[in-house]
Each structure stands twice: as C-alpha cells, then as structure tokens.
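Chemist: Chain by chain, the residues run as shown.
Protein chains: 2
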Amino acid sequence: MLFRPSEKKIGVLGAGQLGKMLITETAHLDIELSFYDSDPNAPAAKHSRKFFCGDLMDKESVFDFGMDHDIITIEIEHVSVEALELLEQSGKQVYPQSHVLKMIQDKGLQKSFLDEHKIPTAPFFLCEDLKDILLLIEANKMNFPFVQKTRKGGYDGKGVQIIHNEQELNKLWDLPSVIERKADIEVEIAVIIARSVSGEIAVYPPVSMDFHPEANLVEWVVYPAEISEEIKERSLELAKQCAQRLNHVGLLAIEMFVNRDGSIWINEMAPRPHNSGHVSLNNGAVSQFENHIRAILDLPLGNAIGNLETIMINVLGEAGHEGIAVYNNLNQLLSDSHVHPFLYGKEKTKPYRKMGHINITGDHIKDIKSKAKWIKQTLQVISSKLG
Amino acid sequence: MLFRPSEKKIGVLGAGQLGKMLITETAHLDIELSFYDSDPNAPAAKHSRKFFCGDLMDKESVFDFGMDHDIITIEIEHVSVEALELLEQSGKQVYPQSHVLKMIQDKGLQKSFLDEHKIPTAPFFLCEDLKDILLLIEANKMNFPFVQKTRKGGYDGKGVQIIHNEQELNKLWDLPSVIERKADIEVEIAVIIARSVSGEIAVYPPVSMDFHPEANLVEWVVYPAEISEEIKERSLELAKQCAQRLNHVGLLAIEMFVNRDGSIWINEMAPRPHNSGHVSLNNGAVSQFENHIRAILDLPLGNAIGNLETIMINVLGEAGHEGIAVYNNLNQLLSDSHVHPFLYGKEKTKPYRKMGHINITGDHIKDIKSKAKWIKQTLQVISSKLG
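Chains as they are written, first to last, in this note's numbering: chain F, -14 to 372; chain D, -14 to 372.
Everything labelled a hint here was simulated from the structure, so no lab data went into it.
Fair warning: this is a prediction, and the values are worked out from it, not measured in the lab.
Take these hints with a grain of salt, some might be off.
[To be verified] Some chain F residues well away from chain D (every beta-carbon gap over 12 angstroms; in silico): (1) D15; (2) K31; (3) D49; (4) L121; (5) E123; (6) R136; (7) P161; (8) K335; (9) R338; (10) K361.
[Claimed, not checked] Among chain D residues calculated to face chain F with C-beta under 7 angstroms, some are: (11) L14; (12) H32; (13) N313; (14) S320.
For each residue, glycine too, the CB sits at the ideal point set by N, CA and C.
Throw the hints in and build the complete structure from the sequences for me.
Modeler: Below, the structure is given as structure tokens:
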C-alpha cells in the first residue's frame, strides 16, 4: 500500500483538548489537521497553522469549512448536523456520519436506538415536558429514585439529575427528557471502539470510572477495570454491537453501568475520543486519538490493548479560583517518568473546570493508587494576578 | 513553585523535524513555541501558529525575531551567532549560549576547546588550506589513514572524509580543516546531557551507533549501548565535563569513539536534540525534546534513563527516487504497538534524505534487531507522480 500523508485534507470541528491531542498523537504520521472553533485561543489552535474561527452551530460556515476538506470529523458533538448532512450529499466523507451525530445529540433517540436493537439499557420513558413526567409518576410507571436526563444540550454531567423522592419533584426541569430507572451500580465502566472505513475494529479493554461527588465529572479512571473476565467479554461484545448497528466510522466511546445483579446497561455513547480513553496515551497501546485518525483514513488500526496498569486523574480547577490559570506544585511531579501530566492549555480556570489530566503508570495498582492520591492533594490549578 | 506555561515566550531558530518533535513532546505541558525558518513548509511549521519566514544567517531578521521572545533556542546550528550575541546583550536568554554555538560551528574551535580542557579527543592539527595539509604530511606529522574535517559548514557526514593513502591526497579539500588521526574504533557511542539554567543535569545513558556505508548517516542506534559498565561510566563522566566546562544550558549531544585500546575520544558535539537521542521518545524516559525545553525554562528535569531496550533506524529516501514523498508498506508496520514510526513531514524525498525514523522496543534485543532488519527491507520512501 502506498501512503501519502497529505493526500486527504482532514478538517476537525472543535478545537478543544481532544483536538489538541489528535494533533500531538498523529503528527508522527505526518497528519496535518485543520480546525474550526468559535474560540481562537482554543487548545488545538496553538498547534495548528490552519484554524478557522466560527460558530459550530452555524450551518453555512460549517458547510463552507467542510467543503475545503476531504474528510470532516469532530471532537465535540454540538455541531450543525444539517451542515454535515449537506456535506455528505456533496460527496464528502463525514466521520462520525451525520446520522450517528444526530442520534447522539438527542438522548431520547440514543435510548430508542438501544431499545430497537435490544441492546440493554436502563428502562426509560420519553417525556415532552414536566406535565408528562408528573403523569408518569402519578401512574406509578416510574418509582423513586429515578433519573431525569434532558434530551438535548447536556454534557459532563450537566442536564442529568437524580430524583430521590416526592419532595424532590420540584427540582424537575420542564424540558423534553428521558426518565429512566436509576441503576443499582456496582461499577461504571467504559469501552472505546475504533471502527475504520472498511470495517476493521479495535476495541480498548474496559476501564472503570469514579466520579467527583460535587463536579459530577470523571475524576479517576483505572485501567484495566477491576471486573471479572466474563463481564469484560460481555462489555466488549456490547461495544461491538453498538458500533456495528450504527455502521459507525471512527471512535465510539460507550459508558456502561455494571449492576449489582450482574447485568450491564449501556449508559451513554460519544462518537469521538473520550476522557475515559486517555489511559491509552501511556499504557502501551496505540492511543485512541491515533486510532480515530487511522480509522477515518482507513489505515490499519493499531493495538488497543495496553500492557501497563494505568490510572488517569482529571485535573480540575480549584474551588474558589477563577481567572488566568497557574499550576502549583507541578514541579514536584516532573522528575517521575511514570507520571504523565497533560495540561490542556486553557487560559482561564474556574471551579471544577477540566484543565488537564494525569496518567500514572506502574507495576502495582496499589502503588499507582497511592501515588494518584498524593498527586490529587499536591497539584492545584489556581488563579493568579500574574496575567 | 507556581508555573504559568505561557509566561515566557520561546522562539526556536530552525523548523525541521527536531523542531517538530519539540512541539509534540512539550504540548502536554502547554508549551507554545514560535519558529523561524527559511522554508515555510518545514516540518514544524505545520504544527505552529507562530511561524516566521527568514534566512537563519540574516543577522538583522534573526535579531528581530529574537527580540519578540524571552528565550531563544535552536534546532539547527547554522544560524547567525552575531544576532545571538546581540540578543544576549539585550538581556534575552539564549540557550545554547552564543559562545557555545560559535565554538560548535567551527570544528577547529571545538577541538581546541577539548584540548584546552584535557578532554580526550583524536590527536589533531588545524590547517588553513591544502598547502598546510600537504606540509604536515611531508613532515610526517600525520600518518595515513587520517581524517579531514572542514572547520565550517559540515553536517550529517558532509565535510568529513578519510584519506587512506598517498593516492587519495588529490581528494583533499582546499579549505580550513581539522586533520586528525583516524580512530581505531571498537564502537561509536553517543551520550546526551541536559543541563538546566540552574545547573541541574540529567544524562541519557549511551547508545551505540551504526552508520550507513553510502549515505554516511546514522542508520541504526541501539539503546542501551552494548558496552561495559566501566566504559559507560567513563562516557557519562566525559559528557558531564563537556557540559560543565561550557557552562552549557539545554541539551548537549556528544558523539564518542570507543577505541579498541579501551580509550574514549570525543568526536563531535551538538548543542541541541540529536538523532542519537530519538530512542528517548519511546524507551520510557522523559524525551530529549522535553528535557531540552525543561532545561531552558529551568523546570526540574525528567528521568533520562529508559527502561525499555530500543533500536532506532533512520528512514532514508530510496536511491533513485526524487520528488513528492510516498511511503510504501507503512501499513505493514501499523498494527505493532512496539513499532513507532516518525515521519518528519518533508514534502519531497531524494536519495538518502532523512525522511523519518522508527523506534522499535521489545523485551529482547535480538528480537528487536531482527524486527528492525525486516522493517528496513520493508518500508520504502519513494517518489510518485501523485502530487
């Protein structure tokens, strides 16, 4: 096979940290990426000579950007799907495909997709508004505690809440929602699958995730997940089903609940590199970012199975700090080559803003965990008047 | 310690593959680099939003570029030292310092420096021209075979030749030269040392190097070098001496001959990331590129000792091919996560042009070697009419 790196021009919608890591993880294959984002100082903008500033929901300018490229991909879901549909009609390669993105943008459609294909997920109802939800409760069709997820616009835990009892019903949002049974969770895991244009797949073994209680953000990812071989195999199988039923191209990250009764429910999907896949940057696998680009270029996929135990922690903006970001005690981490910090390059911090992540590798998960705890206590992102 | 990544603006002279890897290896610390090069399509230009086009030897425009930054560094030696001297006088931080670069640019000064500080190197004479050299031979002060190195302008094996006997004297260049005794080489090794502004050092253990017979380029680097512990220790000590005597800041790569009689001679130094240090990208150490930037920012240095056996091979343009570069059989390497290709992103190939390198890691050096041989037979950089 002959490979000429610049043969196909790749345009990326969004230029956040995921876009930045798409650059740094594929530059060694001489991949050049163009970016489109509303923020000219977005993380990926610093490392790209082809940056276009515009609104990701603006149909016309997203379409214009796409028409200058051969392949269009995303690093954020909130983009104009209409523009992507038009680009596909114009013969452009759009990965993930517009139909996938349309489904992902609406949690109601996501749930219906899973339901249709008999892929297990929490039992649910789709409700148009508050009135609809209250009728459901009144009719005893949904018991406490249950989960409300707004169909659109949620991300990083926003747009999701648990309603524990009758007293909390006044917290309900009057919005089109998914109302679903609260899972009885043993552990939350995620599986990421890469699927190439010609259908080759590579599956990243499951990681387990712990969430930050206040920020509702993943703050601790363990690779490999501490689950039984049987549950692992089932989770890999479910991930393959999702990608294949969608005829998906690129990365698909799938968050799953492993319930106390041993069942697995698909929670949510994201058709792009994912926070839970950052361990692949340092665990010996070919990273999720590289496999995403390989998949959309229809190059052979790389080994997704890392040989190093790894913990990823998110670096969140310190509570009470808002302004130009400054990193305190980073120097204390720099001499250890098992500690891999990734500062995303966001200019400003605010409480619980995702400012970076750190991968910690090692030989014994116990040692890695205590190192991870120490780092969480040590490294701080604070604001400063230096700027 | 508080760290604000963008506090100091760093300008890099040269935008070749070494510059490109400075970007990709430090983006995770939110380092942004600006580049200056005469080629607007140089490898690093693709991944930087701050690129300035100009002649590296043009005193005035190099000076102007430097004045827009706080720290000025290089990724190629052939730059205007006068501009760097002026920048230092204007209070800028220039690393490597102008006095180091001045010495490095002239192999005569390099040899004299080593001689002055009693650092072992091949016995030598400095000659002004051909006449001078012939007088030396006539007076039996230098026996065959000997080496001629032009004092200025040589790189990647250019400007160096061996004169084996009287018949070859007509090959001599009529240029200011170092004439030195040919070493009786057991193995060639290289040691890279990083030294920070405040004098902290990190030393990369020696690698051994094999050279391509026709191209006179390193084509095979083995980490760790297969040498005795005693020779290793001596080589590390010599590297430290060089860096300290120069009061050097940044990376200093030192090529050495280990002679059959057990002596070590310093061959040449380069005050920048070096081809022989590319193994550090994948052997588990903090890479030479990252330590260079840490050193000039006076951040703590990272661990230089990799825990994985690694072989690096250079990817050279195929003989007989000149034009737009296309990679044949790259796909065959992509499924193995122990094989790390680095395509530099040079648009055009020509015979023996350094187009990339590949790191191969593994558990047994014997297996790595056979894999490396297979890759050398498999991967080809050819030209194509595709462009």
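Chemist: If a hint holds in the structure, say so; if it doesn't, say that too.
Modeler: For each hint, the structure was consulted:
In this structure D15(F) is not separated from chain D by more than 12 angstroms, as the shortest Cβ-Cβ distance comes to only about 4 angstroms. With a cut of 12 angstroms on Cβ distances, K31(F) falls inside the contact zone with chain D, its closest approach being about 5 angstroms. Distance check on D49(F): its Cβ is at least 21 angstroms (rounded) from any Cβ of chain D, clearing the 12 angstroms threshold; non-interface status holds. Here L121(F) stays apart from chain D, with its beta-carbon at least about 47 angstroms from theirs, past the 12 angstroms limit.
Its beta-carbon lying about 53 angstroms from the closest one in chain D, E123(F) satisfies the requirement of being farther than 12 angstroms from that chain. A cut-off of 12 angstroms between C-beta atoms confirms that R136(F) is not in contact with chain D; the least separation is 36 angstroms. Every CB of chain D lies more than 12 angstroms from the CB of P161(F), the least distance being 39 angstroms, so the non-interface label holds. Every CB of chain D lies more than 12 angstroms from the CB of K335(F), the least distance being 16 angstroms, so the non-interface label holds.
Non-interface status of R338(F) relative to chain D is upheld: no Cβ of that chain comes within 12 angstroms, the nearest being about 14 angstroms off. No beta-carbon of chain D comes within 12 angstroms of the beta-carbon of K361(F); the shortest separation is about 17 angstroms. Annotation: L14(D) was flagged as interfacial toward chain F, and the flag holds, the nearest CB pair being 6 angstroms apart, inside 7 angstroms. With a least beta-carbon distance of about 5 angstroms to chain F, the hint placing H32(D) at the interface is held under the 7 angstroms criterion.
Evaluation of the N313(D) hint against chain F yields a held restraint, the C-beta minimum of about 6 angstroms falling below 7 angstroms. Checking S320(D) against chain F by beta carbon gives a least distance of about 5 angstroms; that is within 7 angstroms, so the hint holds.
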